[in-house]
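K.L.:
Sequence:
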Amino acid sequence: MSNTAVELTGQEREAQLDLDQLKQLVGLVAYDEEADPFPVTGWDAIVFVVGNATRAAQYYQSTRGMQLVGYSGPENGNRDHKAFVLTSGSIRFVIKGAVSPDSPLIAHHTAHGDGVVDISLEVPDVDKCIARARAAGATVVQEPETVSDELGSVRIGAIAAYGETRHTLVQRTIDGQTYAGAYLPGYVERTSSFVKRDGAPKRLFRALDHIVGNVELGKLDEWVGFYNRVMGFVNMAEFVGDDIATDYSALMSKVVANGNHRVKFPLNEPAIAKKRSQIDEYSDFYGCPGAQHLAPATNDILRTVDELRREGVEFLDTPDAYYDDPEMRARIGEVRVPIEELKSRKILVDRDEDGYLLQIFTKPLGDRPTVFFEIIERHGSLGFGKGNFKALFESIEREQDKRGNL
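Quick note: the sequence shown uses my numbering, first residue 271, plus one each step.
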């Protein structure tokens, strides 16, 4: 196999995905990993800090169709917090909640509410990546170390990203041996007594497409440069001016991605406008830069949205006028389902030179108007729904106005 071929990750193999599916789901591309000074294989885990991890883990199982596969807590020696490992397709979430009154997770949750604290990435060589990061000026928050248990060893290190977010770098194969545990040493395999209702799909999400980060005013180019310089990410797209504004609010966005495009980070900063943008609202309630939304990919967005709604998940509304606009219909052309089917579910559609995509956005996951989900189904398009930005942001503004935050 040439060094520009794309290989499946362990999580993708376990999810029974193939390369053709991944190319459709997340726009996977081939690249030369050996020439990359900071090679990133793909996502490892998205780590959340929440107020009640026990309940949150149940929530993600019952409403998001995720499966409990691992656990760490007082029962196996972790006196500080509980952590539940959940999967759906090749996505891995780790949900953490404080147990000890002295846990640092309490202060974090008090300051920020529920949110993403760690976007962990799988890499083939942690030491190489940490050395590159340090030489490029990144802050190393955890030096490389090997952690082991009876199921093998994992080598990990970590660097700081925007706000209080970090990227833990995880090397799962050491000296030809791949770690065989549920997640990391210190975690045990765990299943749930939760039983899906009859007819529920095996999974709702197949892979993770991208994670959007909100950064400080005036710092967008600095963080784009961070990912370019430190991690060797490439620039995929840029959205400024009228592309990404309404009559009331505006923001600027640029997208960076690793070499194979498994890991994509759209980065947003607020822009001056008549009223406060969604980025301003996020910053007010999260308290610092952070991950704004996660975009799980599906190959059947209609069924996924129907199943999520059936479990009580709420989505942003889109006016019927969006679907009835003849210019929009002409631009979109033929898609795999009738526009009326999308209209009845409030699913947005956008087309670019490579194909089209379908997408919809949930309301915030928790009490604070911060992190939320985007559900995405790609059909050739490598974009992020540029044609939908105005409609999306107007929907967000309506919700901001109801909260008194516009």
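Hints were generated in silico from the structure; no laboratory data involved.
On a predicted model such as this, the values are computed, not experimentally measured, just so you know.
In this text, a Cβ means the ideal position worked out from N, Cα and C, and glycines have one as well.
Be careful, since some hints might not be right.
Said to hold, decoys possible - Cβ pair distances, simulated, as ranges:
1. V417 with K489: 19 to 25 Å
2. D491 with P596: 35 to 41 Å
3. R606 with V417: 20 to 26 Å
4. I609 with D395: 44 to 50 Å
K.L.:
Take the hints in turn and mark each one as holding or not.
P.N.:
Consistency of the hints with the structure:
1. V417 with K489: 19 to 25 Å: violated, 33 Å
2. D491 with P596: 35 to 41 Å: The hinted range 35 to 41 Å holds for D491 and P596, with Cβ atoms some 38 Å apart.
3. R606 with V417: 20 to 26 Å: This hint is violated: roughly 45 Å between Cβ atoms.
4. I609 with D395: 44 to 50 Å: Once the Cβ atoms are compared, 48 Å apart, the range 44 to 50 Å for D395 and I609 holds.
Hints 1, 3, counting from the list given before, are not met by this structure.
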